[in-house]
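Sequences listed follow chains A and B, in order. For the record, in the first sequence the residue sitting at position 206 is 206 according to the working numbering, with numbers rising by one throughout. Just so we're on the same page, the working numbering is the position in the second sequence counted from 1, plus 418.
Derived contacts from chain A toward chain B, CB cut-off under 8 Å, selection only:
#, residue
1, Pro20
2, Ala55
3, Leu79
4, Ser84
5, Ala86
6, Met88
7, Leu102
8, Val139
Because the hints were derived from the structure by calculation, they are not lab data. Where is the CB? At the ideal position from N, CA and C, for every residue including glycine.
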Amino acid sequence: MTGGVRRKNPILKTRQPTLPPALRSRVALGMTAGAAVGRLDLQQCEQCGTVQYPAREVCRSCLSGQLVWRPQDGLGTLLSETVSRASMELYFRERLPWRVGLVQLAAGPTVVAYVHAACAAAPADVRVEVALDRAGQAVLVAMPLDAAVTLAEDPRLHDMTCDPTHRKILVTDGKSEVGQAMVRAFAAAGASQVWVGHAEPWKQPPGFAALAELPQVTLVPLDVTDGQSVTELAGVIGGKVDIVVNTADHHRTYGIAGRRGVETAQAEMEVNYLGLLRLAQAFGPALRGRAADGDAGAVAWVNILSIFALANFPPHGTYSAAQAAALSLAQCLRAEMRPAGIRVVNVFPGPVDEPWNQLVLPPKIAPKGLADAVVKALKATVEDVYPDPVARDWLERWRADPKTLERELMAASPSSAG
Amino acid sequence: MTAAAGYDDVVVTAPVTVPYQRYSTKGAHWFLGRAVAGLLDASGLPKSGIDGLCVSSFSLGPDSAVGLTQHLDVSLRWLDHIPMGGASGIVALRRAARAVQAGDASVVACIAGDANRVDSFRESTARFSLFSQDAVYPYGAGGPNVSFAFLTAYYMRTYGATAEDFGKLCVAQRSNALHYPHALFTTPLTLDAYLASRMIADPIRLFDCVMPCAGAEGFLVMRRAEAERLGLPYARLLGAIERHNPFPDDPIQYRGGWVLDRDALYAQAGVGPRDIDVLQTYDDYPVINIMQFEDLGFCDKGEGPGFVRRNSFEVGGSFPFNTCGGQLSVGQAGAAGGFLGIVEGLRQVTGATLGAQVDGARHALVSGFGMINYDRGLCSGAAILGAA
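From just these sequences and the hints, can you work out the full model?
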């Protein structure tokens, strides 16, 4: 252990995690899709344009059944507010008092929202944002118009974020360019401890030796393809890790016909899918158990996936399949971590500028850009990160119609990932 | 709009209260059943003498009113279930009166009651409505205190009401409650104690909040001839109104549906605000009392604070109001809170109060308000009861 990590008082009971109320109607869950990427969506009527809130089944104005979720600017007026000093739910009682208010949106509806400490007293101009609370549900927050104010600056709302500052982080593979960038980004973001996993100690890639010199960094042996290696490390540091960042990745550039045998595909599955499973089995319970452990308990699990998880990119066909498997497992992990309030953040970069994407045309996201996007996501309250233009382009096409995207990708060559 | 027909010789009688308890292990069926037993006892009718039943309860589930008919083994030709909280008493009275008037029923028992186990209030608040579950409860789970704090803060800012104004009403209600045997609060309240009580959701203080409890209320609706045959003291139903979701475009609530219907109410009853001898408002949170003073025409919108300052509200005061102490001092027995004012108003105009009597009370105005479905109370209603 490095200095500066506060030791836990062994006499005190470890607090159990509590969550804000998670119950929502199915239609209200629609706000989550935008919230997952940090975007405020409200229902709007396709017939008459009326913006609705709370979520409805039919338009409050013309009664049409065609309500669609559309991005909103959230501008409005804080009409009235209160400081709630009593609550019926444990989560809120442990964190009293809460500032909440009624905001009339310029778009029409009046919304109940948390009110950021930096907002002026009602009546005041505010901008309503959406956030994911500790239960992973979308909630509205009234923010001051000054866009520089962050959620984390309000001590109550800070709890919704997974700010890496003063936290202890495991980066599962610190040798790849992405892994190295991730370690540097967390060190720069104020992490108190970064454990850096490295398999095959005889391999010393450029930059890795310098990484080990960072004061926050401790190198730890970790091979995600080896169950014993994962279990052993979890036995040593599992009870201390606040954020797991799984950077372990095995990426080859084959489809089906380009290579005989299944060894490459097996290796991709061993790292990207089974590696995640091994990590989740070994570290998941420890994180869940420490979700309420003091001011900086366990908060998040980050999976660096690939946009190829959404739809198969035939030139990287077996890799896409392994990513799809990893995404599916990450959804399971999210469900299992949710009762503790641990946020599972899935990151879907487009092609990263690293050797196995040599033949992919730009734009490609630099490892540092990817790492910075991860830190930014943890400081906010998002759970799905599409950090670059290619990823966002794929996402838009996939959301619009997965079948069309499949046909487009059939024509893809290694140089047409976007 | 055509004016509604009057209520002819429909009368209200047999006010019944099943004593309130802070917590009880008994279910809603117990309280509702005891209310019916109380109505039979008060009227001398056998079970078979009641052919209509109107039920309000938050905690009857999974049963509805029909389940209660088998639970109590009553055979009926008319049945209704009014899930409208603080407006349920007025709405039940209107429904029952029309049923009797039209001959669909001869004697309708209107009852409201709720259980209150130690965790009941949290459970019912968490799932109070779809909008509340989706868009209110997740923001601090403060319950109605927070919703009314928004309205109270807005009203204070807009119309200059002060904590002292709200406190004056709470102190007067407590003073009235000291004479009422079923009030759960039995010690005097001073303005200083009110002002010193802790903040729950600014500007709502502890003594602005009603205390959830278990209990029931009930009354009978029948023709005057039937009441006279039974030898029951009764009040005439002179007029009644209801309104739901009245001003959907108001961004925040500062008025209720009474504004739209009060002229019809007074016209139907043939009396005006000056003829009202005693007022029973729905009082979960004092700001709603002031809103009712304004919206029922006792003063203009925004003049509520001045009205409070120049009147006194005790029995014997210049404006006798919530004469049994209201929910603020008696307790809020769930849906029975929407019946409390009718039962007390009935007792006042029949000279049968359990507590302090307003001398010569001939006209009682009873008002109901209910259902914070999302950001505002949706239901409002009022009725005027006249002495025989």
